[in-house]
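Reconstruct the complex from the two isolated chains, following the hints.
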Amino acid sequence: MKTDASTSKKTKAAEELVGGLLGNGQTLKQYRDAIQDRTKTTGFYNGLERLDLRESDPIRYEKLFSKLRGGLVHSRETAKKIAASPIVEQEGELCFTLYNAAGDCVLTSTGIIIHVGTMGAAIKYMIENDWESNPGINPGDMFTNNDCSIGNVHPCDIATIVPIFIQGKLVGWVGGVTHVIDTGSITPGSMSTGQVQRFGDGFMITCRKTGVNDKPLRDWLHESQRAVRTPKYWILDEKTRIAGCHMIRTLVEEVVAEEGLEAYEKFAFEVIEEGRRGLISRLKAMTIPGKYRKAAFVDVPYAHPDVQTPNAFAKIDTIMHQPVEIDIRKDGSWRLDFEGASRWGWHSYNAHQVAFTSGIWVMMTQTLVPTQRINDGAYYGTEFRLPKGTWMNPDDRRTGHAYAWHFLVSGWSAMWRALSHSYFSRGYLEEVNSGNANTSNWLQGGGINQDGEIHAVNSFEASSCGTGAGAIKDGLNHAAAIWNPEGDMGDIEIWEMAEPLVYLGRSAKCNSGGYGKYRGGTGFETLRMVWNAQDWTMFFMGNGYMNSDWGMMGGYPSATGYRFEAHNTGLKERITYGDTLPLGADTNPAEAGYENHINVRAKVKRDKQCMTTEDCYENYDLYLNYLRGGPGFGDPLEREPEAIARDLNNNLLLPEYARKVHGAVIEQDDKGVWSVDVKKTIANRAEHRKARLARALPTREWMKKERDRILIGRAITAVKQMYATSFALSPKFLGEFKTFWNLPEDWTLNEEDLDIPTYGSKYREDLSKLPDVHTVVLVEE
Amino acid sequence: MSTYTKQQVKNLTEGKLDWDTTMRMLSMPKDNERFSIYLDVLQAKVPWKDKIVLPLGPHLYIAQSAKTKQWVTKCDCGHEFGDYRENWKLNAAIYVRDNPETMRDVYPTLMAPDTEWQVYREYYCPECGVMLDVEAPTPWYPVIHDFEPDIEAFYSEWVNLPVPERAG
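Note that the protein sequences, when read in sequence, are chains A and B. According to my numbering, numbering within the first sequence proceeds without interruption in unit steps and concludes at 1124. According to my numbering, numbering within the second sequence proceeds without interruption in unit steps and concludes at 193.
One chain only, chain B, in its complex shape (with noise of 0.2 Å):
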């Protein structure tokens, strides 16, 4: 079994790690504390004071609310899409992608879908104007609620931490 540093996580999530250590990473038996090291990293590089509970993309996070204790889903600029439960896509900004003009800003001619069969959706932080995900289905396609996670379970049972304290 590898361990890494926190300076190796750290470059990890900027894309700066060097490759030799990358290989290591992907070739040998996973490392059960990188979850405890990668959330401090994060930790450090978010402006506020809320406790990271789970990560889930570059920019969002589940967070513990410091007032309040509540879980909530959250971008790093502050912005909160309310209880990490819901999906957090129904309280972001959408733009669609749906005719020919639009999607000409995005690809050649050609090289783009045909807005009759398929979208793209595009999910900003309704703050700082980051785009955290972009769904391609056809027209009609209901909001798609990508990830419910079982943490508790995940903290207790698969890392040994202590849950994180949650109200409501």
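Here chain A stands alone, though its shape is the one from the complex (with noise of 0.2 Å):
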């Protein structure tokens, strides 16, 4: 941070700035308009048709973007050590960014680099709404941001914005963002469920101004913290953001002093048209042109009665879909439409446009544009079509974004899944990837730990899932999350010391793997015993009676999630005397092997509930903490015998899905090591080749009876529900619906005919609607 005399010298410098905030008259929405306008009207960044300082002195230019980029990584390293929350500093969960006055993304650092979009949207949401006069934009001023209904993902991740001023004028901006460990939301964690609206997603801030002069204000630190369960962690992480930041404003000074400001201003802009341009030459140079459609889906299961929710018209199942269409061009433009995606709904997984526009960047850059240069060119490179009123744009300004990646993660395997179906195409095999896993489960919870403090934990070893396999080798097992590029899973000692739960196993989760020619990597899973906890409470949240992420070219997607949870445990006895122990791994669900170290009276909940609120733990109660594999790749009837024997032996496949999946024939020595017979494995798998036409029909003939079963209405109320919402926000996914299964005309569904709640479905009220909010919009709705 500035001393307090460099603080003075910048209060005299606001007091200097003529010709408003830039220097030219102008008003930042003045600014911003001309840009769009500019944009709009060549096609290109702010008109950029010519890069003028990249092609005059491009050895400048690449220096411009080193040390900025450079600076931009070095700051998160060396910001990150402040934290305190594993979240951050274990978990790598902050990134910071650097934006033009304009707000538009310029670098970004690594990290969880979806904000390259979302503080962006906070700062022309300020721009929008003229914050300029009120509450004032000055040097030294710090603006805090987490409002989901402006492009936030979710509200834990905390944005600090500082605007970046020199010789008198605002020349950018610098945001920081990290991920708290709870936001004062209705049960502790920072991605909490049970709350059904935004009024319980915890504390909102909306680009409130919280520092000036550098520092920030005190009734902002003393409500702030009083605000959230876990004080110390959320003031570290404070600090780390403010850290961050300065470290960044110092950087842009440093190289306009070097450099001149006409020459930062000009990087400051053409390294944007640049981004967009590398995307459109990226698209051309690694994919084919023509339309891909995928879809995906994923669970609500909330009429359980282990989902508590404050609202009756919340207690139903419901399913949330999202069917795509990549549009690539034969110019290389593309357009991403999601038209027929279901409603938003009264749960916390509910997205903003901004979270979908901007997140889909932290996928692309493991796939499509593995670059450094991530900034808001990609975002103008491409053209997005979020119809108003789906789950990823929602037109009500109450829905509760708290786990908005329980459909992001999977929504996007539905793009990956495409764009891997172009590489696979066009012979770029290496970079197939059939998708990733659903990063869950998320152990959450909260109560006194072990220290005597109020606490709330939320364990990112969801950070390490199985990866997708591809059209070449396996996917990583325990590896990665399509949301951190840079996840890890955390160390088992930090995690002991932040969460009042012991380690009592930690595996690689057997047949987690989607099964193929290439399995996707397996998740892994962790037994945790509460230990000296008070007053403890925990909930799952993940994936269960369905599954987000399919396999790829005959591959299948990975396993579904299931929870274990077991109370009245008996274990503090058994611990004295000596008795065995739940320990390792839960290898095989169906066998119930924990059960057989644990006391016969305990209270075991072992199903497909998945979703869960706040629940009562006692000390020595258990939570399994299961983390999902990743989607396979080809017919598994041709994997590999000596892969099949490796997975045997390392427990990564059960023996009998040896065989019933992969055709192998397998036996195993005395010493219990298991082998493939080659020979007998080739004879056997064209006999399960010939069982599958057997028992197959062909699909025009299967879609006779599915249509019967359509007419007649067989289905469960969650898919009919899920149908309906689609079809009444999209007259051309109905329409289409119909004609494919050949129904009769006056066909049709309607959620007020399913006999549940239907809150939401015809009374709503966008943000927009406020007096004096001006929104903004991204995308074409």
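Derived from the structure by calculation, the hints contain no laboratory data. Here a beta-carbon is modelled for each residue, glycine too, at the ideal position from N, C-alpha and C. Treat the hints with care, since some could be wrong.
As the list claims (entries may be wrong) - Calculated cross-link-like contacts (lysine-lysine; reagent style DSS-like; alpha-carbon spacing at most 30 Å):
1) B/LYS70 - B/LYS35
2) A/LYS406 - B/LYS55
3) B/LYS114 - A/LYS1033
4) B/LYS41 - A/LYS1003
5) A/LYS1033 - B/LYS74
6) A/LYS1023 - B/LYS70
7) A/LYS406 - A/LYS627
8) A/LYS816 - B/LYS55
9) A/LYS634 - B/LYS76
10) A/LYS383 - A/LYS582
11) B/LYS114 - A/LYS1003
12) A/LYS1023 - B/LYS35
13) B/LYS55 - A/LYS1022
14) B/LYS31 - A/LYS673
15) A/LYS634 - B/LYS92
16) A/LYS1023 - B/LYS41
17) B/LYS76 - A/LYS1033
18) B/LYS114 - A/LYS658
19) A/LYS582 - A/LYS552
20) A/LYS634 - A/LYS424
21) B/LYS31 - A/LYS1033
22) A/LYS1081 - A/LYS1112
23) A/LYS816 - B/LYS94
24) B/LYS92 - A/LYS816
Claimed, not checked - Derived list of chain A stretches under chain B, where covered just means 3 residues or more per stretch with a C-beta under 8 Å from a C-beta of chain B:
25) 855-863
26) 896-906
Pasting the structure below:
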């Protein structure tokens, strides 16, 4: 942070601002509008048909890039050491981003780069709503935002935004974001369940001025720390963000001092246009023009008694639906259209349009654009169509967003598969990835921890799930998460310091990777025992009844989730008397092995209800944190015998499924080592293929039977509700559905006929209806 | 720009390329000639004479009929699924896992979806029985037409190759 002397200098500088913030007489809104107009009219960002600086002095341009990008990464690495939260310090859930004065992203650091656009959306909201005149934007100011209705992903991503003034004018902004451990929502943990509206999502801050003269305001410090359950982590996270932002502000000042303001400002626009062109050239270099269609789904099982909501109208099972049509045109431009997506719902898994459009780049940097030059250029190179009213672009200001990732990770898997389809067809097999795991379970909860303090936990072990299989190799085991390419599962010792939960096991999860010629990476599982806590609660959050990650080209989806928890375990006594304990993996959940090592009267929940709300846990109770695997690629009957034997010997595959799914003929020697009989396996696989055809039907024959099931309405209400909300938002989707199934002209499916609460189906109020609010729309709706 | 030999591309298609070369493929700018080498490698593997126009999967191709010059979707066993513009899945064999018993053949208890919520639709080649795709939607979901490539634009404008003749 700056010294008092430099602070007073900044205050003086603010008083001397002439010609408005920009020094040219324009308001920020006029400035941004002109950039938007030039972009729209010319097709080039800010009308930059030529990149003068880059073309005339490429070495200088690259120097500017390297200094700024290096400085952003350095600031992140340095600042994160301030944090005490393992989420930030161990998992790296933070990111710093540099913006130009209009709020468009110039460059970003490593980390959770979904925030390329989210903090930019907050800056744009300030611009569109005249923050310039009230509360004012001055050197040394700090603004804080986590408002999900103007672009944030979920409220636990807290952003600090600092304007950068040089030579008396605003030249840009720097934003820093950390994922905090608790947001003071209805239940502890940063991504809580149970609340079904924004009003339960926790402390919500809308671009509030929280600091002047480089110092946080005292009312902000007092209010914010008592608004959450974990004030120590909260304040250190804030210091992390402020330190990083100020390091980057100083970096920009130094770069301008060396290179001149004109060169810096040219760079800050040209690099965005370069990013736009880079995306187009990458699409041409990697993909095939044409139309790609995929779909993804995830379950929201709220009718179960272990999900407690404050509102009766939310106690229903629903399904989130995301169809996508990707149109890659021959000029290298592309359009992503989500027509047919289901409506937002009464839960905390909705997403703002910017969470969707900005978040895509955290995925794209792992596939289509693996470059350091991630900025808003990619956004300007993409046409997004997110129909208003869908879960990804809600039209009601009450929607909850605490765990928007529940479906973002699933929805994006469809796009990853589509791109991988084009890589495969073009011969770039090394780039093919079947998708990603549904990055769950999320172990969350809180109470009084082992230090006697009010505490909340959110285990970020989910940052190391299995990755999707490729076209040339298996996915990585317990390795990554789509939302943070720098993720890490964290050390057991650190988690045990942060959580009153002792590890009784941490193992790769058997059979969790989707089968295929190449299998998805396996997930892992950790068995946790509550220890030295008081008034403790926990809950589960993930997919269970459905799988959000399909395989590719004959590969199976990964396994779904399930829940294991045990109470009244008798473990205290078993430890005292040296009796056996439940240790290690739950290798085959059908065998319920843990139950052999706990009290026979223990209360065990072993089922598919992977979405629950805060429940009571005593010391010595058990909780299984099962992190999912990735989907598979190719026909599993073609998996190499050696790979099957390796999986069997590493406890990654149960023998039953080596036989049933891979058609392998296997045997185990007297030392317990598995091997595959290649010759017999070849013959056995031929029989498997024959058996497939014997049980199959011609698709068109099956379609007749399925049509009959539609006509008699044979499906559970959750499925019907999903279709009904998609149909209500999209007559086109309804029309295509009826055409495909050759349904009668008068066939329809309405939500009000389903005998479940339909709150939100007719009466909704968008944020833009509030007085004096100008929302920022960044997609076609 | 890196370039790769036909043998290296063949090794890639067989999952046997050395890791150093694979890493180079991942990290270096893409080699635009890969597509034509890839076609050559795959053409040598299929047992039929029809010309591969576009690979769609490990066993599935859009191919130009040697006799009629029509473009069809074709399995490497020789089975034809009809015109390349049609959704080949409609002419495949399908097996739907829509009950707990059939799901248990694929995943252990508790690790498969609830079939009231989600089914697995397995598409096989009706002739050789290879599994070409698995869809995992809710019941009632239309069969998805995954990919409609603009082959003419791809050949002529993106990889600068002559577009194979097409009848019909």
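Do the hints match the structure? See the list:
no. : hint                  : result
1   : B/LYS70 - B/LYS35     : holds (10 Å)
2   : A/LYS406 - B/LYS55    : holds (25 Å)
3   : B/LYS114 - A/LYS1033  : holds (19 Å)
4   : B/LYS41 - A/LYS1003   : holds (26 Å)
5   : A/LYS1033 - B/LYS74   : holds (26 Å)
6   : A/LYS1023 - B/LYS70   : holds (24 Å)
7   : A/LYS406 - A/LYS627   : holds (28 Å)
8   : A/LYS816 - B/LYS55    : holds (20 Å)
9   : A/LYS634 - B/LYS76    : holds (23 Å)
10  : A/LYS383 - A/LYS582   : violated (39 Å)
11  : B/LYS114 - A/LYS1003  : holds (24 Å)
12  : A/LYS1023 - B/LYS35   : holds (27 Å)
13  : B/LYS55 - A/LYS1022   : violated (39 Å)
14  : B/LYS31 - A/LYS673    : holds (28 Å)
15  : A/LYS634 - B/LYS92    : holds (29 Å)
16  : A/LYS1023 - B/LYS41   : holds (24 Å)
17  : B/LYS76 - A/LYS1033   : holds (28 Å)
18  : B/LYS114 - A/LYS658   : violated (38 Å)
19  : A/LYS582 - A/LYS552   : holds (16 Å)
20  : A/LYS634 - A/LYS424   : violated (46 Å)
21  : B/LYS31 - A/LYS1033   : violated (35 Å)
22  : A/LYS1081 - A/LYS1112 : violated (35 Å)
23  : A/LYS816 - B/LYS94    : violated (35 Å)
24  : B/LYS92 - A/LYS816    : violated (37 Å)
25  : 855-863               : holds (count 4)
26  : 896-906               : holds (count 8)
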